[in-house]
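Taking the hints into account, I'd like the entire structure generated from these sequences.
These protein sequence lines are chains B and C, in that order. So the first sequence is residues 1 to 114, counted in our numbering. So the second sequence is residues 115 to 225, counted in our numbering.
Hints listed in this document are in silico derivations from the structure and should not be mistaken for laboratory results. Each hint can be trusted.
Some chain C residues judged to face chain B by a derived CB distance under 7 angstroms, without partners named:
{"id": "1", "residue": "Gly157"}
{"id": "2", "residue": "Pro158"}
{"id": "3", "residue": "Leu160"}
{"id": "4", "residue": "Phe203"}
{"id": "5", "residue": "Phe215"}
{"id": "6", "residue": "Gly216"}
{"id": "7", "residue": "Ala217"}
{"id": "8", "residue": "Gly218"}
Which bits of chain B does chain C cover? Going by a derived footprint, with three or more residues having C-beta under 8 angstroms, they are:
{"id": "9", "stretch": "44-51"}
{"id": "10", "stretch": "106-114"}
Mimicking BS3-like on lysine-lysine, the simulated pairs with C-alpha atoms at most 30 angstroms apart in a straight line are:
{"id": "11", "chain 1": "C", "residue 1": "Lys212", "chain 2": "C", "residue 2": "Lys171"}
{"id": "12", "chain 1": "B", "residue 1": "Lys9", "chain 2": "C", "residue 2": "Lys156"}
{"id": "13", "chain 1": "C", "residue 1": "Lys212", "chain 2": "B", "residue 2": "Lys9"}
{"id": "14", "chain 1": "C", "residue 1": "Lys212", "chain 2": "C", "residue 2": "Lys185"}
{"id": "15", "chain 1": "C", "residue 1": "Lys156", "chain 2": "B", "residue 2": "Lys14"}
Quick caveat, the model's predicted, so the values are computed rather than measured. Here a beta-carbon is modelled for each residue, glycine too, at the ideal position from N, C-alpha and C.
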Amino acid sequence: NAGVTQTPKFQVLKTGQSMTLQCAQDMNHEYMSWYRQDPGMGLRLIHYSVGAGITDQGEVPNGYNVSRSTTEDFPLRLLSAAPSQTSVYFCASRQPRGGGTEAFFGQGTRLTVV
Amino acid sequence: QQQVKQSPQSLIVQKGGISIINCAYENTAFDYFPWYQQFPGKGPALLIAIRPDVSEKKEGRFTISFNKSAKQFSLHIMDSQPGDSATYFCAASFNDYKLSFGAGTTVTVRA
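Here's what the structure looks like:
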């Protein structure tokens, strides 16, 4: 099993550009989420999904869109990149309670917006 | 506003020493308190977790102490080793998908 796979690992964008960060998991987990990690702020939840077709906002959703058409994939879209979105992005998946509550994280995508 | 406050921001400990990281929370609905370990360039990985019905949980050299009345929990790393040098995050949740993380503590173990 590959676990949670994120692509790309690194990306540089110009202000105003759009892009999609990919996330795929092969553990058949129902729950998936996106976090951003910034120095001194820990991991902050951007968006999450409790199953295919169901998404909701986290703490810092502005400027990001998500969709969940399959159990495996949960892409994060940056609509119009801003320097404030320079961060390391992590995708995570986990099973509902009863199936284990450990969250499995991908390796991260380091995004720089210039 | 962070729902889980973590301290210290960083600490340095000698090999064989004890590392202690503290976290505090306000939301009494939280019912799951994990600690994650992160090495540079990697994603966080679950280290140990506790639920509020127990006051302590130990796994190897890692121990969580939980004080429900004070709304505080802490991670103790006993006999710290250079391989323990990493960033540690405490977290809390009251359902199965929304984890609230602390700001993180960078631990450096000097040989």
